[in-house]
Amino acid sequence: GKTFKVDPEEKRLFDDALARLRAADFAGGAAGLNGLMARYPATGYKESVLYWLGNAQYGLRDYKESISAFKQLLDRAPDHARAPEALLSIGNCFSELKDMESSRKALELLIKQYPQTEAAQAARDRLLTMPAPAGEKKRKAHN
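All residue numbers for the sequence shown refer to my numbering, where the first residue is 1131 and numbers rise by one.
Hints listed in this document are in silico derivations from the structure and should not be mistaken for laboratory results. Errors might be hidden in some of the hints.
[Said to hold, decoys possible] Distance windows between CB atoms, simulated:
1. R1191 - D1146: 17 to 25 Å
2. L1258 - P1138: 43 to 51 Å
3. R1142 - D1255: 34 to 42 Å
4. R1191 - R1152: 13 to 21 Å
5. R1206 - R1142: 36 to 44 Å
6. E1238 - E1139: 36 to 44 Å
7. E1231 - D1146: 35 to 43 Å
Yeah, the Cβ is synthetic: ideal placement off N, Cα and C, and Gly gets one too.
Take the sequences, apply the hints, and build the full model.
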């Protein structure tokens, strides 16, 4: 949703990287996005690059790097159109890492910060199917 001037080569690098991601070439897409960032560190595509880099790393099952990219996006631009999806993806990454407590926290934060989004609805649905936190199971057993 923002306007910025872009070098034709910069646009080509971005478009090529996204085309690779659409073709499920996650390694090629990540390499292209990293190359764009190295060549154009002040690129106007920065937030989009971070979002797509997080997705590429998720596709490569590099969940820790994926979380890092999504968190950078959220730190830089919490109002970015893809911010709710980035937070949902962070929850998914933590789930893949079997860190259900961090996954739950990310999903709850998503619902709190972006309550009217499709991503928040997906988070609500996911929370319904997650096992209860360990502390809650113990409390329920005592009732």
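Comparing the hints with the structure gives:
Look at R1191 against D1146: about 23 Å separates their beta carbons, and that is inside 17 to 25 Å. Evaluation of the 43 to 51 Å hint for L1258 and P1138 yields a pass: the beta carbon distance comes to about 48 Å. A beta carbon spacing of about 39 Å between R1142 and D1255 agrees with the range 34 to 42 Å that was offered as a hint. For the hinted restraint 13 to 21 Å between R1191 and R1152, the CB-CB distance of approximately 19 Å keeps it satisfied.
The beta-carbon spacing between R1206 and R1142, approximately 24 Å, falls outside the hinted interval of 36 to 44 Å. At about 42 Å, the CB distance of E1238 to E1139 agrees with the hint of 36 to 44 Å. Between E1231 and D1146 the beta carbons are some 39 Å apart, a value that agrees with the proposed interval 35 to 43 Å.
Of the numbered hints given earlier, the model fails hint 5 alone.
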